[in-house]
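S.K.: Given the sequences, and given the hints that come with them, work out the whole structure.
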Amino acid sequence: MLDFNLYMAQRLSALVMIPLTLGHIAVMVYAIDGGLTAGEILGRTQGSLGWFLFYGLFVVSVSVHAAIGLRVIAYEAFGMPRRHLPMLTFCIATVLLTMGLRAVWAVTYGVAA
Amino acid sequence: MDGSTAGDIGGGEAGTDARLTVDVWRGDSDGGAYQTFEVPAYESQTVLDLVSWIQQYADPTLTYRFACRVGMCGSCAMMVNGVPRWTCRTHVRRVLGDEATEGRVKIAPLRNLPVIQDLATDMDPFFDKWVKAEAVHHPSRGREDAIERIDPTSEERQAADAGIECINCSICYAACDTVTMNEDYLGPAALQRAWTLLNDARDGDRDAVLDAVSDKGGCHNCHSIGSCTAYCPNGLNPMAAIAGLKRETARRSVPWLLGRRKARD
Chain A
299 MLDFNLYMAQ RLSALVMIPL TLGHIAVMVY AIDGGLTAGE ILGRTQGSLG WFLFYGLFVV
359 SVSVHAAIGL RVIAYEAFGM PRRHLPMLTF CIATVLLTMG LRAVWAVTYG VAA
Chain B
46 MDGSTAGDIG GGEAGTDARL TVDVWRGDSD GGAYQTFEVP AYESQTVLDL VSWIQQYADP
106 TLTYRFACRV GMCGSCAMMV NGVPRWTCRT HVRRVLGDEA TEGRVKIAPL RNLPVIQDLA
166 TDMDPFFDKW VKAEAVHHPS RGREDAIERI DPTSEERQAA DAGIECINCS ICYAACDTVT
226 MNEDYLGPAA LQRAWTLLND ARDGDRDAVL DAVSDKGGCH NCHSIGSCTA YCPNGLNPMA
286 AIAGLKRETA RRSVPWLLGR RKARD
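For the record, the sequence lines run as chains A and B.
The working numbering applies: residue 299 is where the first sequence begins, and numbers increase by one.
The working numbering applies: residue 46 is where the second sequence begins, and numbers increase by one.
Any given hint might turn out to be false.
Some chain B residues close to chain A (C-beta under 10 Å, calculated; not the full set) [to be verified]:
1. D222
2. R247
3. G262
4. H268
5. S269
6. K291
7. T294
FRET-style restraints, in silico, Cβ to Cβ [to be verified]:
8. A/R380 x B/T108: 30 to 36 Å
9. A/G377 x B/T81: 29 to 35 Å
10. B/N279 x A/T396: 29 to 35 Å
11. A/F388 x B/D260: 17 to 23 Å
12. B/R149 x A/I371: 32 to 38 Å
13. B/G280 x A/L395: 42 to 48 Å
14. B/H136 x A/V327: 53 to 59 Å
15. A/V327 x B/D169: 53 to 59 Å
16. B/W301 x A/R380: 47 to 53 Å
17. A/G377 x B/E200: 40 to 46 Å
18. B/A78 x A/I316: 48 to 54 Å
It is worth saying that the hints were derived from the structure and are not from the lab.
Keep in mind the model is a prediction, meaning the values are calculated, not measured.
Here a beta-carbon is modelled for each residue, glycine too, at the ideal position from N, C-alpha and C.
M.R.: Right, here's the structure in full:
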């Protein structure tokens with residue numbers, strides 16, 4: 299169930315994700331085609347503010363977008379009671395944000411194992 | 046026109062021997078089941094004729110609703126072979142061509158509305174949502190003021206004209222899967238009415254309409270599935286109207302990004 303604010307949040311996060319998705323696909327093709335090792339990839343991402351911002355923004359957008367989308371599915375397809383929807387949305391967004399930002403931090407500013 | 050009159054539904058007349066098998070849903074809000082009738086087949090027979098024949102010659106307790114019989118009043122809509130249709134303008138031969146009907150006609154009350162009895166549904170939720178969508182006229186002039194001149198060629202008037210032929214039959218509401226899944230959703234007809242008001246130069250509270258359609262259950266819940274437009278018997282396009290509402294609410298919220306709407310003259 300969407301009101302205007304949730305609708306706009308989902309549309310704007312989609313807008314942000316369009317170029318980021320294309321960039322991510324380009325990076326994946328480059329990394330695989332070039333045969334980069336994990337070490338070589340980390341060598342490029344460690345300490346890089348650019349990669350941190352690129353994937354950080356990606357994670358934030360995904361967290362917002364997916365949480366709202368799954369909220370709608372939970373309500374419309376699975377009949378979840380309305381009173382539980384805000385908590386569901388918050389939990390999904392928090393889990394995605396935590397996992398995503400943790401991974402982004404690990405490959406940019408985290409201490410390499 | 047189907048050529049039949051109010052009294053001409055085939056009963057008691059010498060017709061052909063051909064008969065149609067008609068399954069009619071019988072019951073109320075607590076549930077029910079299909080009952081089968083054999084109805085004489087005639088040329089130029091509508092689905093409403095079938096129901097009327099059953100009520101007049103087979104079972105007078107059959108409950109249904111109709112009024113004008115010419116597709117203007119919007120009261121005779123029912124599910125026919127699983128599809129919402131205006132029964133007074135739907136020829137039997139047309140629905141017999143539906144796939145998987147096996148020569149039978151299956152008639153049920155409209156989907157997405159509570160059943161009162163048999164084929165008559167309670168239209169209150171449908172019309173309550175019209176009010177909830179602020180689909181009511183907000184006067185902009187008093188009786189002492191001159192009548193506003195409307196330019197029929199203006200873009201706004203054309204948009205309003207595209208939706209005002211709605212006959213409130215609720216077929217779009219019955220066809221909408223989002224209504225089925227989301228009880229708060231206002232539905233295509235109410236939102237289309239809001240869109241016509243938004244484009245009507247005589248309506249005086251544009252913000253009230255946009256606020257109403259932006260609330261929970263408003264236009265932003267539409268998934269653009271398109272059943273409303275596909276099944277509208279008058280060929281209207283509620284999906285485009287809802288898209289227009291989404292656009293206008295977004296435009297009001299972020300005019301620097303999406304551009305301001307043209308001011309009315």
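S.K.: None of the hints should be skipped; say for each whether it holds.
M.R.: Status of each hint after checking the structure:
no. : hint                        : result
1   : D222                        : 9 Å, holds
2   : R247                        : 26 Å, violated
3   : G262                        : 7 Å, holds
4   : H268                        : 9 Å, holds
5   : S269                        : 13 Å, violated
6   : K291                        : 7 Å, holds
7   : T294                        : 6 Å, holds
8   : A/R380 x B/T108: 30 to 36 Å : 34 Å, holds
9   : A/G377 x B/T81: 29 to 35 Å  : 33 Å, holds
10  : B/N279 x A/T396: 29 to 35 Å : 52 Å, violated
11  : A/F388 x B/D260: 17 to 23 Å : 21 Å, holds
12  : B/R149 x A/I371: 32 to 38 Å : 36 Å, holds
13  : B/G280 x A/L395: 42 to 48 Å : 47 Å, holds
14  : B/H136 x A/V327: 53 to 59 Å : 57 Å, holds
15  : A/V327 x B/D169: 53 to 59 Å : 57 Å, holds
16  : B/W301 x A/R380: 47 to 53 Å : 33 Å, violated
17  : A/G377 x B/E200: 40 to 46 Å : 42 Å, holds
18  : B/A78 x A/I316: 48 to 54 Å  : 51 Å, holds
The structure fails hints 2, 5, 10, 16 (numbered hints given earlier, in ascending order).
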